[in-house]
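Chemist: Chains as they are written, first to last, in my numbering: chain V, 20 to 371; chain F, 20 to 371.
Worth double-checking, as some hints may not be accurate.
One copy or two, either will do: identical chains are not told apart, so a pair holds if it fits within one copy or between any two.
Unchecked claim - EDC-like, lysine to aspartate or glutamate: derived pairs with alpha carbons at most 20 Å apart: (1) K183 with E313; (2) K364 with D83; (3) K183 with D310; (4) K346 with E136; (5) K52 with E72; (6) K179 with E111; (7) K183 with E111.
In case anyone wonders, no lab produced these hints; they're calculated from the structure.
Number of protein chains: 2
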Amino acid sequence: MAPKNDLLLRAARGEKTERTPVWVMRQAGRILKEYRDVRSRLSGFIELVKTPERAAEVTLQPVDILGVDAAIIFSDILVIPEAMGLPYEMIESRGPVFPETISSEKDLEKLRIAEAESLGYVAEAIALTKKELNGRAPLIGFAGAPWTIFAYMTEGGGSKTFSKARRMLYNAPGFSNKLLQMITESTIAYLKSQIAAGADIVQVFDSWAGILPEAHYEAFSMPYIRQICDAIDEVPVIIFAKGAYNSRASIAKTSCSVMGLDWNMNILETRELSLGKTLQGNLDPATLYADFKEVERQTKKMLDQFGFEKHIANLGHGVYPDIDPEKVKCFIDVVKNYSEQKLSKGRDNTSL
Amino acid sequence: MAPKNDLLLRAARGEKTERTPVWVMRQAGRILKEYRDVRSRLSGFIELVKTPERAAEVTLQPVDILGVDAAIIFSDILVIPEAMGLPYEMIESRGPVFPETISSEKDLEKLRIAEAESLGYVAEAIALTKKELNGRAPLIGFAGAPWTIFAYMTEGGGSKTFSKARRMLYNAPGFSNKLLQMITESTIAYLKSQIAAGADIVQVFDSWAGILPEAHYEAFSMPYIRQICDAIDEVPVIIFAKGAYNSRASIAKTSCSVMGLDWNMNILETRELSLGKTLQGNLDPATLYADFKEVERQTKKMLDQFGFEKHIANLGHGVYPDIDPEKVKCFIDVVKNYSEQKLSKGRDNTSL
Numbered sequence: 020m021a022p023k024n025d026l027l028l029r030a031a032r033g034e035k036t037e038r039t040p041v042w043v044m045r046q047a048g049r050i051l052k053e054y055r056d057v058r059s060r061l062s063g064f065i066e067l068v069k070t071p072e073r074a075a076e077v078t079l080q081p082v083d084i085l086g087v088d089a090a091i092i093f094s095d096i097l098v099i100p101e102a103m104g105l106p107y108e109m110i111e112s113r114g115p116v117f118p119e120t121i122s123s124e125k126d127l128e129k130l131r132i133a134e135a136e137s138l139g140y141v142a143e144a145i146a147l148t149k150k151e152l153n154g155r156a157p158l159i160g161f162a163g164a165p166w167t168i169f170a171y172m173t174e175g176g177g178s179k180t181f182s183k184a185r186r187m188l189y190n191a192p193g194f195s196n197k198l199l200q201m202i203t204e205s206t207i208a209y210l211k212s213q214i215a216a217g218a219d220i221v222q223v224f225d226s227w228a229g230i231l232p233e234a235h236y237e238a239f240s241m242p243y244i245r246q247i248c249d250a251i252d253e254v255p256v257i258i259f260a261k262g263a264y265n266s267r268a269s270i271a272k273t274s275c276s277v278m279g280l281d282w283n284m285n286i287l288e289t290r291e292l293s294l295g296k297t298l299q300g301n302l303d304p305a306t307l308y309a310d311f312k313e314v315e316r317q318t319k320k321m322l323d324q325f326g327f328e329k330h331i332a333n334l335g336h337g338v339y340p341d342i343d344p345e346k347v348k349c350f351i352d353v354v355k356n357y358s359e360q361k362l363s364k365g366r367d368n369t370s371l
Numbered sequence: 020m021a022p023k024n025d026l027l028l029r030a031a032r033g034e035k036t037e038r039t040p041v042w043v044m045r046q047a048g049r050i051l052k053e054y055r056d057v058r059s060r061l062s063g064f065i066e067l068v069k070t071p072e073r074a075a076e077v078t079l080q081p082v083d084i085l086g087v088d089a090a091i092i093f094s095d096i097l098v099i100p101e102a103m104g105l106p107y108e109m110i111e112s113r114g115p116v117f118p119e120t121i122s123s124e125k126d127l128e129k130l131r132i133a134e135a136e137s138l139g140y141v142a143e144a145i146a147l148t149k150k151e152l153n154g155r156a157p158l159i160g161f162a163g164a165p166w167t168i169f170a171y172m173t174e175g176g177g178s179k180t181f182s183k184a185r186r187m188l189y190n191a192p193g194f195s196n197k198l199l200q201m202i203t204e205s206t207i208a209y210l211k212s213q214i215a216a217g218a219d220i221v222q223v224f225d226s227w228a229g230i231l232p233e234a235h236y237e238a239f240s241m242p243y244i245r246q247i248c249d250a251i252d253e254v255p256v257i258i259f260a261k262g263a264y265n266s267r268a269s270i271a272k273t274s275c276s277v278m279g280l281d282w283n284m285n286i287l288e289t290r291e292l293s294l295g296k297t298l299q300g301n302l303d304p305a306t307l308y309a310d311f312k313e314v315e316r317q318t319k320k321m322l323d324q325f326g327f328e329k330h331i332a333n334l335g336h337g338v339y340p341d342i343d344p345e346k347v348k349c350f351i352d353v354v355k356n357y358s359e360q361k362l363s364k365g366r367d368n369t370s371l
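Next up, chain V with everything else stripped away, as it sits in the complex:
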């Protein structure tokens, strides 16, 4: 069923909208008391990801509480390595940890291309969410970009330098490409299962894009992102590659519909590079520590820079967990009201 609020989908396709659509990365999460309540009744993050009813419940919370124009399915990019045969643990205040990592051709034998069935809990959560959403907003599916997933599988967890993962690219490019290809095929099947279950649009997160030098990003990330974009033709694709300053032009050349900007990407410069694609972003997430007046001022400034078409408003990265939800709501309300006001003025002027 097509959502009644389809602003985000229309903006993603480059169509004009009555106002700028808005959602927030990590909107379903620790900023909301309602999320923490659900979470506290479970054993941890991974159980929440794997319990469709609860995942659907927290996915819907920001639609009801914050008034965003899209839900994003509550899940984790690391379900892919797990479905490929490499499980992980989520350790409070430290992040994801892989007890085993992949470091050689031999290790690849332990892995399989993830089958959509093994990720059925995500499809189920999507189906439940769609039903509950009942057209109030579109639902975003997502996956990690192959390079970012590769980085976790070889490094074994988060890292300041990801030097183990980066060593592979220099030392074992053949092995690296094989693993990246396995991840890519797993990801395409996974995204297609999300779309089949009801996702209206999908986002690919390349969280560790910024750590690669340009030549490596072009060699070890872009070809796989391109494969994903080409394979997903059912719904629009958003590519969010944090820190990929030097590869924005390459991303613009893929068949994706939307390019996500982190808070350090210059808006006007990226608009020029974007080949007419819709842009998403990019308020500095730390702005929401400021007072309401400053949040309003900065949000308006950002909206003016993006202009009022081909833009999906968002933060330039996930919302920080200690942000006051009222500040997030302020951001969302300013986007809605200011863009509507600007666009209705534009229409009035045109009709003069």
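Given the coordinates of chain V, work out where chain F should sit on it, guided by the hints.
Modeler: Just chain F, lined up with the frame of chain V:
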């Protein structure tokens, strides 16, 4: 005494040299067995920093063992907060931790402008090193940029987001500027004491530049970097602001002599922005995981892109601790031989 090998100083001043000078960030450190031997006889990193004889010893090691064209005094950027009244601990495999942090105007009362005397151990290490160097290479002094020091003092240690530090800039800009000014004055006095003790050139490390949005970098980092550049007129100043893509033009406009590039900064683009300044960098530190042939190939490619003047060769960030010193030596030797060969060919052609 002016060093006999003054290639780096001449390149920093924009003069022609017979070959490209080269050194390596973190060259005095864990990659060298000889360093680990010295370190293992002491209680830890901070004791090494505070023991002038040992700091001088490890400062000299890379000159003797690796053949770099400059020594950089073995020290730590966090000696400044300590000298201001905020001590820290260095915890193995975690990094620096401040038991107390600064979070309000009231906390500023606990701090003082650091007096050069309280950092006498660094000046002493510099004097000892200069004597032992005996002109074989110039000696680089250094300090953290005020924003990076501020980030540690308010955050209390390393962080993926530095959200506590960034919150201050939005929430308490007046307080932030006061603390930044105190750090700046401390840093200027400290760098001057290093120069008085014998440093031939100084580098300012803005390690966390990349985390700030452009407007904040311009408001909360650049004014203080500018003050430092203007205050230090005795020797050339190198500014290395990791991730400051959007502020390269601003850095070029300061009175610094050299701009450092991280491994993600496009060389040709930065050269265009650099207003004729000497550039330093920027081989991807992970390149040194590759085999010797690839290290050679990538190093030559980098040298060709910088051209063979107004360039100080280096990595684009500190050398990773698990890199084989023979690979570092390979990088250094390729810089020396290839640039000498290229420049002597240039001279031969001119004389035809």
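Chemist: Each of the hints needs a verdict: does it hold here or not?
Modeler: Checked hints:
1. K183 with E313: For K183 and E313, only the inter-copy Cα distance (18 Å) is at most 20 Å; the intra-copy one is 41 Å.
2. K364 with D83: neither (29 Å within a copy, 71 Å between copies)
3. K183 with D310: between (41 Å within a copy, 15 Å between copies)
4. K346 with E136: neither (39 Å within a copy, 46 Å between copies)
5. K52 with E72: within (18 Å within a copy, 56 Å between copies)
6. K179 with E111: Both ways: K179 and E111 sit 18 Å apart in one copy and 15 Å across, limit 20 Å.
7. K183 with E111: between (23 Å within a copy, 19 Å between copies)
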